[in-house]
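There are 2 protein chains.
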Amino acid sequence: MRTDKASLKQVSARIHSYIHRTPVLNSRLINEIAGAEIYFKCENFQRMGAFKMRGATNAILNLTQHQKAKGVVTHSSGNFAQALSLAAESLGVPAYIVMPATAPEVKKAAVRTYGGKITECPPTLKDREDTARKIEEETGATFIHPSNDIEVIMGQGTAAMELLEDYSNLDHILCPVGGGGLIAGTSLAVKYFGNNCSCIGGEPMEADDAWRSLRTGRIETNKSVNTIADGLKTQLGDKNFPIIQENVEEIIRVTEDEIKNALKLIWERMKIVVEPSSAVPLAALLREKERFKNKKIGIIISGGNVDLNNLPF
Amino acid sequence: MRTDKASLKQVSARIHSYIHRTPVLNSRLINEIAGAEIYFKCENFQRMGAFKMRGATNAILNLTQHQKAKGVVTHSSGNFAQALSLAAESLGVPAYIVMPATAPEVKKAAVRTYGGKITECPPTLKDREDTARKIEEETGATFIHPSNDIEVIMGQGTAAMELLEDYSNLDHILCPVGGGGLIAGTSLAVKYFGNNCSCIGGEPMEADDAWRSLRTGRIETNKSVNTIADGLKTQLGDKNFPIIQENVEEIIRVTEDEIKNALKLIWERMKIVVEPSSAVPLAALLREKERFKNKKIGIIISGGNVDLNNLPF
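Line by line, the protein sequences are chains G and L. Under the numbering used here, the letters of the first sequence match residues 1293 to 1605, in that order. Under the numbering used here, the letters of the second sequence match residues 1293 to 1605, in that order.
Quick caveat, the hints were computed from the structure, so don't treat them as lab data. Be aware that a few hints might be false.
Copies of the same chain look alike in the list, so a pair counts if it fits in one copy or across any two.
To be verified - Pairs of lysine-lysine, BS3-like flavour, derived with a Cα cap of 25 Å:
#1 LYS1588 with LYS1301
#2 LYS1515 with LYS1552
#3 LYS1400 with LYS1556
#4 LYS1585 with LYS1360
#5 LYS1418 with LYS1515
#6 LYS1301 with LYS1525
For reference, chain G alone in the conformation it holds in the complex (with noise of 0.2 Å):
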């Protein structure tokens, strides 16, 4: 029942305040390149930077007054760390974030400049699961998985759903895939919002365990996770699994020089920054350009968190 239709407007209507309404920028460029009608619905504008800030606010919200006196902990070193704290401070609520200790100085730097309490672990999923689960016992905060919520697929739907109320005859939207919470979401809002509109995915080939869990229905790993794409390295979980089996049409997979081209297009082109894991759909549409020829779509841009420094051009 959390997943219907009538579940997706009340998200929507609940974590509106708390979050920006994103832009659907095009360009005539890339329209032409790729020979299909293209809007794509900039989430790189989104506070903090990614669409994750919907679903960590649709959490939080959901949460009793209790437990958000309680606070809430989750262990990522991503654009999910960085959501919750600043949708935990904007609530007045605790967020307690587990990284390993090797992520990066400015990711840890971006996870305090929005108030979250940052508890280092050793770099094993193991690890991580017993620190959080720790920190759970300690204070009685609420664990919140970053891809593997109901409440935050549906938080992260709402992107998909503001892009069908402003375009409604969209024949495809597609969106990058990583662990699982923004597509399952956005296939919901698909198949609630849309007029004979489909979700595909885009995932790299270095980490396509979703790709290879339709195939075999059941939750793949990745063995390894070579891919500038950082955001979509993590893998399915048993709550987004089943909607992604249900509602999303296909997934297409790209190589890495895909990305990075649909990439550098997107940057030169828009002129806007985003990160790598933003261009896997692009990339995914230009690769099978025949079938998308003439249609229109919707692209989620995931997020425009990039370190400058290290940029893949």
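Assemble the complex: chain G is given as a structure, and chain L must be docked to it using the hints.
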């Protein structure tokens, strides 16, 4: 008469359907850092990626049918070459662009993409002028100067005019100073449409000809132009200098480090791609923070054409 208020309104109406009305963005974090309320007029989202599209379009629209048939000619290796090419193409007018043979291939390619006919010449100002004059004689094309032309100046002024339409209560509008076309036009718009608003320029210390010109009362030249703000290396002309003398409150000079810091701030916090010249006004504001404290300030982001393979980060 051609620079009065009614004329500027006419220019805005005339170019309206050939240009984008660019968005105005702001950043809570940059406002906090500056201690002021800043509204960025984002001409990096303008057609061909810079405000120059406005002046080029206006200059061509001002020609007679006979002149249009013969075409236009300019010498420029920067954004104006692309702007005149695209504006001419949009209006079905031939464009002859004189470029130094030493100009980067990527800039020549951009001009060709927009339909400009390139004539190469040796890299001195005299050679550029001689070559342009020869083309005028041979083709009957009309010469249009990138910045020292009243119709170009009036076209550039429409960016600040739009900004003041959106935000009528700005205390200052800051813009970069290169050849003087943008700041002359901006200062006219501020005079006609501002409400106790003043126009202030930002200029690199390494190319401070305009700052010196305002002091000596005559057009000064730059001996060297060692700045990353490559759009600001040119000098004032006899058409724009009197307008600047009369209507610009002051020019603030900034160091290369200040430009780089402001550039990084815009990229990181606003998630937009802007060229180094665009960061100069923000650098000027941050250099004189106390003076601008709690003020409402408009900043013209001049353009977003950068070589991603050669970034200053």
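Checked hints:
no., hint, result
1, LYS1588 with LYS1301, "within (24 Å within a copy, 37 Å between copies)"
2, LYS1515 with LYS1552, "within (22 Å within a copy, 40 Å between copies)"
3, LYS1400 with LYS1556, "between (27 Å within a copy, 19 Å between copies)"
4, LYS1585 with LYS1360, "neither (48 Å within a copy, 37 Å between copies)"
5, LYS1418 with LYS1515, "within (16 Å within a copy, 63 Å between copies)"
6, LYS1301 with LYS1525, "neither (30 Å within a copy, 53 Å between copies)"
Consistency note: the structure conflicts with the earlier hints numbered 4, 6.
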